[in-house]
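Asks: Sequence:
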Amino acid sequence: MAKAASANAVSTPAAPPSCVQQIGETAGIIWKSLDKHGAMSLAKLVERVGGNRDVVMQAIGWLAREDKLDISETSRGRIIALRPEAAAVP
781 MAKAASANAV STPAAPPSCV QQIGETAGII WKSLDKHGAM SLAKLVERVG
831 GNRDVVMQAI GWLAREDKLD ISETSRGRII ALRPEAAAVP
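If you read the sequence shown in our numbering, its first letter stands for residue 781, the second for the next number, and so on.
By construction, these hints were calculated from the structure, which means they are not laboratory data.
Watch out, some of these pointers could steer you wrong.
No more than 20 Å apart at the CA atoms, straight line, and that leaves these computed lysine to any residue pairs for SDA-like [said to hold, decoys possible]:
#1 Lys-812 <-> Ala-794
#2 Lys-848 <-> Arg-828
#3 Lys-812 <-> Ser-855
#4 Lys-848 <-> Ile-859
#5 Lys-812 <-> Pro-796
#6 Lys-848 <-> His-817
#7 Lys-824 <-> Ser-852
#8 Lys-824 <-> Gln-801
#9 Lys-816 <-> Arg-828
#10 Lys-848 <-> Leu-862
#11 Lys-824 <-> Trp-811
#12 Lys-848 <-> Gln-838
#13 Lys-848 <-> Pro-796
#14 Lys-848 <-> Gln-801
#15 Lys-816 <-> Ser-855
#16 Lys-848 <-> Arg-863
Quick list of the computed label-pair ranges, beta carbon to beta carbon [to be verified]:
#17 Ala-794 <-> Ala-823: 17 to 25 Å
#18 Gly-804 <-> Arg-858: 33 to 41 Å
#19 Ala-794 <-> Pro-864: 37 to 45 Å
Cβ coordinates follow ideal geometry from the N, Cα and C atoms, glycine included.
Put together the whole structure using the sequences plus the hints.
Replies: If you want it as structure tokens, here you go:
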């Protein structure tokens with residue numbers, strides 16, 4: 781009888797990812813993008829990664845806190861790049 785009950789059970793949709801999980805996944809996308817395409821402006825990085833700008837900014841902060849990024853100021857804005865030692869291992 782337990783078998784019949786499980787066959788008739790309605791599946792529930794998966795819960796959306798937690799904020800921290802979403803930020804971590806976005807950090808991985810940012811890392812891969814910078815590794816593949818090199819340094820880019822903050823605006824270009826947000827555009828390339830897509831998704832919610834706030835989550836992208838939080839993921840950049842996460843990577844910066846882990847000392848994975850170089851962030852430099854220019855007259856036109858910020859440039860984001862992987863630190864050379866961070867580029868070897870994601």
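Asks: Taking the hints in turn, state whether each one holds.
Replies: Tested hints:
Distance hint between Lys-812 and Ala-794 is unfulfilled; the C-alpha atoms sit about 26 Å from each other, more than 20 Å. Straight-line distance between C-alpha atoms of Lys-848 and Arg-828 comes to about 19 Å, which keeps the hinted pair within the 20 Å bound. A hinted pair counts as satisfied when its Cα atoms are at most 20 Å apart, and Lys-812 with Ser-855 does not qualify at roughly 26 Å. For the proposed pair Lys-848 and Ile-859, the alpha carbon gap of about 14 Å is at most 20 Å, so the pair holds.
At most 20 Å may separate the alpha-carbon atoms for a hinted pair to count; Lys-812 and Pro-796 exceed this at roughly 23 Å. Distance hint between Lys-848 and His-817 is fulfilled; the C-alpha atoms sit about 16 Å from each other, no more than 20 Å. Only pairs whose Cα atoms come within 20 Å are accepted, and Lys-824 paired with Ser-852 is accepted, the gap being roughly 14 Å. Distance check on the hinted pair: Lys-824 and Gln-801 sit about 23 Å apart at the alpha-carbon level, beyond 20 Å; violated.
The hinted pair formed by Lys-816 and Arg-828 meets the criterion: a straight-line CA distance of about 12 Å does not exceed 20 Å. For a cut-off of 20 Å, the pair hint linking Lys-848 to Leu-862 stands: about 6 Å separates their Cα positions. For a cut-off of 20 Å, the pair hint linking Lys-824 to Trp-811 stands: about 14 Å separates their Cα positions. This hinted pair checks out: Lys-848 and Gln-838 have alpha carbons roughly 14 Å apart, not beyond 20 Å.
Among the hinted pairs, Lys-848 with Pro-796 is inconsistent with the structure: their alpha-carbon atoms are about 27 Å apart, more than 20 Å. A distance of roughly 18 Å separates the Cα atoms of Lys-848 and Gln-801; the hinted pair therefore holds under the 20 Å criterion. Using a Cα cut-off of 20 Å, the hinted pair Lys-816 and Ser-855 is violated, with the two alpha carbons roughly 25 Å apart. With a C-alpha separation of about 6 Å, the suggested pairing of Lys-848 with Arg-863 holds against the 20 Å cut-off.
Between Ala-794 and Ala-823 the beta carbons are some 33 Å apart, a value that contradicts the proposed interval 17 to 25 Å. Distance hint check: the CB atoms of Gly-804 and Arg-858 are about 22 Å apart, inconsistent with the given range 33 to 41 Å. For the pair Ala-794 and Pro-864, the supplied restraint of 37 to 45 Å holds, since their beta-carbon distance comes to about 38 Å.
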